[in-house]
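2 protein chains.
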Amino acid sequence: MTSTSHPRQRTTRQRVAVSTLLAEAGGFRSAQDLHDALRARGVSVGMATVYRNLGLMAELGEVDTLVREDGETLYRRCSDVHHHHLICRQCGRAVEIDGPALEQWAIAVATEHGFSDVTHQLELFGRCATCQVAD
Amino acid sequence: MTSTSHPRQRTTRQRVAVSTLLAEAGGFRSAQDLHDALRARGVSVGMATVYRNLGLMAELGEVDTLVREDGETLYRRCSDVHHHHLICRQCGRAVEIDGPALEQWAIAVATEHGFSDVTHQLELFGRCATCQVAD
DNA sequence: GTAAGTGCAAACGGTTTGCAGCCTC
DNA sequence: GAGGCTGCAAACCGTTTGCACTTAC
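Listed in order, the protein sequences are those of chains Z and A.
First residue of the first sequence: 1, per this note's numbering; consecutive thereafter.
First residue of the second sequence: 1, per this note's numbering; consecutive thereafter.
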């Protein structure tokens with residue numbers, strides 16, 4: 001047991017394409033969005049493959065996921081430490097933010113009400129400087 | 001203009017049932033969940049009607065909505081002023097919380113990054129005292 | 001050569017919608 | 001009795017899955 005071969009993961013054309021595009025994107029994008037973008041630049045991939053790769057990357061902590069109010073999931077390449085985002089609701093651009101104060105506040109509030117195992121989800125939405133001008 | 005009849009809304013058996021059940025529930029419930037509960041207590045309603053009424057109540061600010069990570073929408077009767085929730089991920093019980101400090105922090109962070117029209121969504125999840133004991 | 005990865009199309013699950021009939025006001 | 005409301009079923013839409021085929025290693 002504990003053989004030398006862990007790396008069960010292959011470098012396919014499609015996987016590289018999805019990963020690369022996401023790296024260039026910089027903001028939160030939907031799977032459909034990414035799929036369209038890939039086809040537009042001539043890369044032929046199936047939706048299923050896009051979903052599978054995004055799911056895999058999410059599991060590996062290579063991308064952050066975020067569920068929009070309408071239920072669609074958005075993906076973004078980013079660091080895997082816990083943090084939140086300030087997202088432009090117009091262009092999708094996202095700024096990573098973290099608030100130590102917030103984390104503490106969350107725990108304090110929860111404990112106060114007798115809750116344990118607390119987690120929280122927070123996202124800020126707004127219009128970035130660029131989009132304000134563009135109007 | 002400004003006729004005396006604004007109240008375009010009718011008191012139907014189904015509407016009352018949904019509203020009542022939600023009032024009794026106390027926590028966040030899904031539409032399907034509510035539908036099942038209604039049928040279980042002998043009230044015959046269609047899913048579409050449940051959705052339509054929940055949607056209407058949400059618009060009127062009578063209920064809060066919340067999208068779970070899997071995309072399902074949850075509903076809860078509550079006050080319509082801006083606030084957040086501390087939710088038991090086991091039984092759905094929810095405590096309304098509000099944090100003036102948080103609101104200010106959110107605005108400050110956003111402004112700092114050149115964002116305007118800031119809104120935020122925050123939910124805390126944990127296990128309530130009762131569910132901890134029940135284990 | 002073997003098993004991970006892919007494509008397609010069908011299945012899924014939550015939600016919405018079109019429309020004929022019902023029932024509140 | 002007019003129009004909001006309901007029920008049903010079909011349509012939707014994002015996502016997942018089964019399966020035969022391809023391809024990286």
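Hints are computed from structural coordinates only; laboratory data are not their basis.
Errors might be hidden in some of the hints.
[Unchecked claim] Which residues of chain A face chain Z? A partial, calculated answer using Cβ under 10 Å:
id : residue
1  : Ser19
2  : Gly71
3  : Glu72
4  : Arg76
5  : Arg77
6  : Val81
7  : Phe125
[Said to hold, decoys possible] Distance windows between CB atoms, simulated:
id : chain 1 : residue 1 : chain 2 : residue 2 : range
8  : A       : Thr11     : Z       : Gly61     : 18 to 26 Å
9  : Z       : Gln32     : A       : Pro100    : 32 to 40 Å
10 : Z       : Gln104    : A       : Met47     : 38 to 46 Å
11 : Z       : Ala134    : A       : Glu72     : 32 to 40 Å
12 : A       : Thr130    : Z       : Ala134    : 15 to 23 Å
13 : A       : Asp98     : Z       : His82     : 19 to 27 Å
14 : Z       : Leu56     : A       : Leu60     : 25 to 33 Å
15 : Z       : Leu56     : A       : Ala108    : 46 to 54 Å
16 : Z       : Ala134    : A       : Ser44     : 50 to 58 Å
Think of the CB as a built atom: it goes at the ideal place given N, C-alpha and C, for glycine as much as any other residue.
A quick look at each hint next to the structure:
1. Ser19: violated (23 Å)
2. Gly71: This hint holds: glycine 71 of chain A lies near chain Z, its Cβ roughly 4 Å from the closest one there, short of 10 Å.
3. Glu72: Result: holds, 8 Å to nearest chain Z Cβ.
4. Arg76: violated (16 Å)
5. Arg77: Violated, about 19 Å.
6. Val81: The hint is violated - valine 81 of chain A has no Cβ within 10 Å of chain Z, the shortest such distance being about 17 Å.
7. Phe125: holds (5 Å)
8. A:Thr11 with Z:Gly61: 18 to 26 Å: violated (52 Å)
9. Z:Gln32 with A:Pro100: 32 to 40 Å: holds (39 Å)
10. Z:Gln104 with A:Met47: 38 to 46 Å: Holds, at about 42 Å.
11. Z:Ala134 with A:Glu72: 32 to 40 Å: holds (35 Å)
12. A:Thr130 with Z:Ala134: 15 to 23 Å: violated (51 Å)
13. A:Asp98 with Z:His82: 19 to 27 Å: The hinted range 19 to 27 Å holds for aspartate 98 of chain A and histidine 82 of chain Z, with Cβ atoms some 23 Å apart.
14. Z:Leu56 with A:Leu60: 25 to 33 Å: violated (42 Å)
15. Z:Leu56 with A:Ala108: 46 to 54 Å: Check failed, 37 Å falls outside 46 to 54 Å.
16. Z:Ala134 with A:Ser44: 50 to 58 Å: holds (52 Å)
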